[in-house]
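Let the sequences and hints guide you as you build the complete structure.
First to last, the sequence lines map onto chains A and B.
In this text, residue positions in the first sequence follow the working numbering: the first is 5, and each later residue adds one.
In this text, residue positions in the second sequence follow the working numbering: the first is 120, and each later residue adds one.
No wet-lab data here; the hints were simulated from the structure.
Please note: incorrect hints may appear among the correct ones.
As the list claims (entries may be wrong) - Heads up, simulated BS3-like pairs for lysine-lysine below, C-alpha to C-alpha not over 25 Å straight-line:
hint: 1; chain 1: A; residue 1: K63; chain 2: A; residue 2: K216
hint: 2; chain 1: B; residue 1: K522; chain 2: B; residue 2: K548
hint: 3; chain 1: A; residue 1: K165; chain 2: B; residue 2: K485
hint: 4; chain 1: B; residue 1: K221; chain 2: A; residue 2: K165
hint: 5; chain 1: B; residue 1: K483; chain 2: B; residue 2: K522
hint: 6; chain 1: B; residue 1: K548; chain 2: B; residue 2: K485
Remember, predicted model here, so these are calculated numbers, not experimental data.
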Amino acid sequence: MENEVILIGLAGVLASAAPVIFATIGETFAERSGVVNLSVNGTMLLTAMAGFVAAVLTKSVVVGFLVGLIVGALVALLVAFSSITLKLSQVAVGYVLTMTCRDLAYFLGNPYVGIEGVRINVVPIPVLSDIPILGTLLFKQDVMTYLSFILIVVAYVWIFKTRPGMMLQGVGERPAAAHNRGANVNRLRYIYTVLGGALVGISGPMYSLSVKAGWQGTISGLDGIGWIVLAITIFGAWNPLRAAFGAYLFALLQWLGLVLQPVLTGIPSQVLQAAPFPLMILTLLFVNIGDAEWVDRVLAQLPEGTRRAIVRIFRALRSQPPAALGTPFERQ
Amino acid sequence: MEIEFRNINKTFGTVRANIGIHFSIPAGTIQGILGENGAGKSTLMKILSGYILPDSGEIYLDGELAKIENPADAIRYGIGMLHQDPLDFPPMKALDNFMIGKPGSLFPARREAERAFLELRDQFGFTVDPNSYVDSMTVGERQQLEILRLLWLGVRVFILDEPTTGISAQQKEKLFLTLRRLADNGNTVVFVSHKLEDVEALCDRVVVLRRGELAGQMTPPYDTDRLIEMMFGKVIKLDERLPCSATDQLVLRLQNVAIDDYRLQIRNVNLEVRCGEVIGLAGMEGSGQELLLRACAGLVRTVGGRVIVNGKDLTGKDTHSFMRHGVTFMPASRLEEGLIPGLSINEHFILTGEQKGVFIKRDKAKSYSQNKISEYSIRGFPESRVEALSGGNQQRTLLALLKEELSLILLEHPTRGLDIESTIYIWSKLKERCAKGAAILFISPDLEEILQYSDRVIVFFSGRVSPPLDATLTNVDQLGQLIGGKGWEEIFEKEQVGVSNAAQ
Ligand SMILES: Nc1ncnc2c1ncn2[C@@H]1O[C@H](COP(=O)(O)OP(=O)(O)OP(=O)(O)O)[C@@H](O)[C@H]1O
Ligand SMILES: [Mg+2]
Numbered sequence: 005m006e007n008e009v010i011l012i013g014l015a016g017v018l019a020s021a022a023p024v025i026f027a028t029i030g031e032t033f034a035e036r037s038g039v040v041n042l043s044v045n046g047t048m049l050l051t052a053m054a055g056f057v058a059a060v061l062t063k064s065v066v067v068g069f070l071v072g073l074i075v076g077a078l079v080a081l082l083v084a085f086s087s088i089t090l091k092l093s094q095v096a097v098g099y100v101l102t103m104t105c106r107d108l109a110y111f112l113g114n115p116y117v118g119i120e121g122v123r124i125n126v127v128p129i130p131v132l133s134d135i136p137i138l139g140t141l142l143f144k145q146d147v148m149t150y151l152s153f154i155l156i157v158v159a160y161v162w163i164f165k166t167r168p169g170m171m172l173q174g175v176g177e178r179p180a181a182a183h184n185r186g187a188n189v190n191r192l193r194y195i196y197t198v199l200g201g202a203l204v205g206i207s208g209p210m211y212s213l214s215v216k217a218g219w220q221g222t223i224s225g226l227d228g229i230g231w232i233v234l235a236i237t238i239f240g241a242w243n244p245l246r247a248a249f250g251a252y253l254f255a256l257l258q259w260l261g262l263v264l265q266p267v268l269t270g271i272p273s274q275v276l277q278a279a280p281f282p283l284m285i286l287t288l289l290f291v292n293i294g295d296a297e298w299v300d301r302v303l304a305q306l307p308e309g310t311r312r313a314i315v316r317i318f319r320a321l322r323s324q325p326p327a328a329l330g331t332p333f334e335r336q
Numbered sequence: 120m121e122i123e124f125r126n127i128n129k130t131f132g133t134v135r136a137n138i139g140i141h142f143s144i145p146a147g148t149i150q151g152i153l154g155e156n157g158a159g160k161s162t163l164m165k166i167l168s169g170y171i172l173p174d175s176g177e178i179y180l181d182g183e184l185a186k187i188e189n190p191a192d193a194i195r196y197g198i199g200m201l202h203q204d205p206l207d208f209p210p211m212k213a214l215d216n217f218m219i220g221k222p223g224s225l226f227p228a229r230r231e232a233e234r235a236f237l238e239l240r241d242q243f244g245f246t247v248d249p250n251s252y253v254d255s256m257t258v259g260e261r262q263q264l265e266i267l268r269l270l271w272l273g274v275r276v277f278i279l280d281e282p283t284t285g286i287s288a289q290q291k292e293k294l295f296l297t298l299r300r301l302a303d304n305g306n307t308v309v310f311v312s313h314k315l316e317d318v319e320a321l322c323d324r325v326v327v328l329r330r331g332e333l334a335g336q337m338t339p340p341y342d343t344d345r346l347i348e349m350m351f352g353k354v355i356k357l358d359e360r361l362p363c364s365a366t367d368q369l370v371l372r373l374q375n376v377a378i379d380d381y382r383l384q385i386r387n388v389n390l391e392v393r394c395g396e397v398i399g400l401a402g403m404e405g406s407g408q409e410l411l412l413r414a415c416a417g418l419v420r421t422v423g424g425r426v427i428v429n430g431k432d433l434t435g436k437d438t439h440s441f442m443r444h445g446v447t448f449m450p451a452s453r454l455e456e457g458l459i460p461g462l463s464i465n466e467h468f469i470l471t472g473e474q475k476g477v478f479i480k481r482d483k484a485k486s487y488s489q490n491k492i493s494e495y496s497i498r499g500f501p502e503s504r505v506e507a508l509s510g511g512n513q514q515r516t517l518l519a520l521l522k523e524e525l526s527l528i529l530l531e532h533p534t535r536g537l538d539i540e541s542t543i544y545i546w547s548k549l550k551e552r553c554a555k556g557a558a559i560l561f562i563s564p565d566l567e568e569i570l571q572y573s574d575r576v577i578v579f580f581s582g583r584v585s586p587p588l589d590a591t592l593t594n595v596d597q598l599g600q601l602i603g604g605k606g607w608e609e610i611f612e613k614e615q616v617g618v619s620n621a622a623q
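Put into structure tokens, the structure is as follows:
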């Protein structure tokens, strides 16, 4: 019985990580092409609200997700236009957009706070859901969670195994060299930024139509997740598999915060709820520790074998951004 | 393929890089393009390869007007270019670099690509490992990689911008054979260089550019003096050896230095460098000379022995400590390690810090930069961004950035990409430093340069380090043998004699 509860809890972790995965992979695509879309937090709030409202008005969750996708893509288009075409600072534009979108979400969503909404259902997959343990964990989820599993694999394969994906890596790494190999750098940047924005846009309604169904305005509890998405993008080293791992870690920490609350009575519940955020940042600090000069010096004193082993671990952990991240490309 | 340039013009801001360039290249030939630094060679080649667009003018291929608006178009016409600074993706593997940009199905066949890679590599006698990362490769290997990539793309017009500046004599020989073979198979090769001897040895015909204009053309037999005159507008004589200004004071002492790299080990290096001395490090790329040079700058950690600079033991210290003791290092890859793309010449001078205090006095800095620009005859303005400078001018900028008070100058390929006039000029500048007491250690793939300018020479062969040889007592042949791993016993015997002589 106890086991069953834990299993259902873990299945919940996979489901609540799904929107984080969509948003992180979306951001990963944009950043791989060299564009930082800093508007994630605002976009998620705005699309959560817009998707919810659209779904309520049309009584269709599909429309809700489509609206989220389109709004997300439009915000990203603004980022792309101002940074690629107008060559404005990506950080400044993204930050202003994230603030604007958040305020818009609260303002426009105000009339809809707390109303009865629609939500997507769990769709157990026949046969597979009967497998012990794995069935409950993986195959009794809603459609979007299934899609998040697929997205991880597709995004990974796209970036690392396909021809356009390799060019994408090149564009973010050294646009001049990608240009030299026939890529239309700025067009690709537009495409991936908008695609990434669309994925972030889907993640919003995933909250309001599923994970935290409904729209509660400022107390929806979504504010801040977008920033964590940006951190997980880095933690994930711009690799969808690692990013997914980061998203699951974050969701697990959040869940632990909830279940441990009755046990750890000495700690205020707010601390437990907030803990996943600093913890994610700490992990982030750790991934690039191998690059630090002092670590290098400490390691130099260790015996050969140990040093090699540790260096190998550090190298595997290491997260190097695309070299041209945030820099515009202009051909003469 | 026959290529015809018709009246090509290109300006960058106020710089006229190409002015009414008009000439044609017959199919199946090796065409040399000569010209001093900043003459507009790279610009013209970038236009042909679609990398940049001309302001006006046309290119005809086999008599038909070609529409080359971007590199993809050029590749479709079968035109590919090896850029002066290889345009590759440093953190990726060689094989990925090889594959990116090759048209084909959604899922590229890695295994097939690797097979093609190895086949072409062996066919041309190159040494690049498909699974090594580009950022661990030498400039020569990166060039090889780009050439392999172009071959695989099925290019029929090969443009090579200064391909011989970063490679050894052997590699050069191989490259020339390769190019000859390509031309004999009906391909067209365009070979850009300042090195007259390379152009004369290889090219079927030559055009000379000067300050953006076509200064003349020539077919064999070549008249070297005439070519030089076309390039520089005046006659230039090669220098005789400049006098050695070594004193007795020690600048650098290496005692039993050992260095480990994942591909080679260096053991027991002992060396004493005196003020005013110039020491040339010869060897095929990746033989260990780069490691030793970087170790002297504190950029590579030694695993044994001691590095002593000006009497101070700096073993294991970071590069800033070395800098504080008057050591400076100038890397081969100028845009990656030496200069900061995006910043102007002026900003570079501000950063290297002749000024004190928090606020930048831009006007003062500007007049300072202006002086340096004319002192080192850099073709550019204080506001010019470094990546917009021609290759040779970037090199001059790097040299101009060297601080005034230096005791040890470590140079990787100091005259890479420089024309003869600049080479002579740069070395006269460096020798001035020596006269003021600085010592110089430099790496060059050009044995002539090493013999011409160093007082002593150290040869490297896969981690083995020769004792310092007197530059006046050795010659190109002996050095060539040593770099190839031959004749080592002999010098060690001589060394014994030398040591016992010194002891007397
Ligand atoms: N992107 C650019 N922006 C501004 N000026 C440029 C740019 N590229 C080249 N120039 C200028 O155009 C002139 C010709 O440059 P180019 O690179 O064609 O010379 P080059 O003949 O290849 O010289 P080198 O032998 O030094 O490589 C130079 O004065 C250079 O400063
Ligand atoms: Mg050039």
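(request) Find the hints from earlier in the document that the structure breaks and name them by number, from lowest to highest. (result) 3
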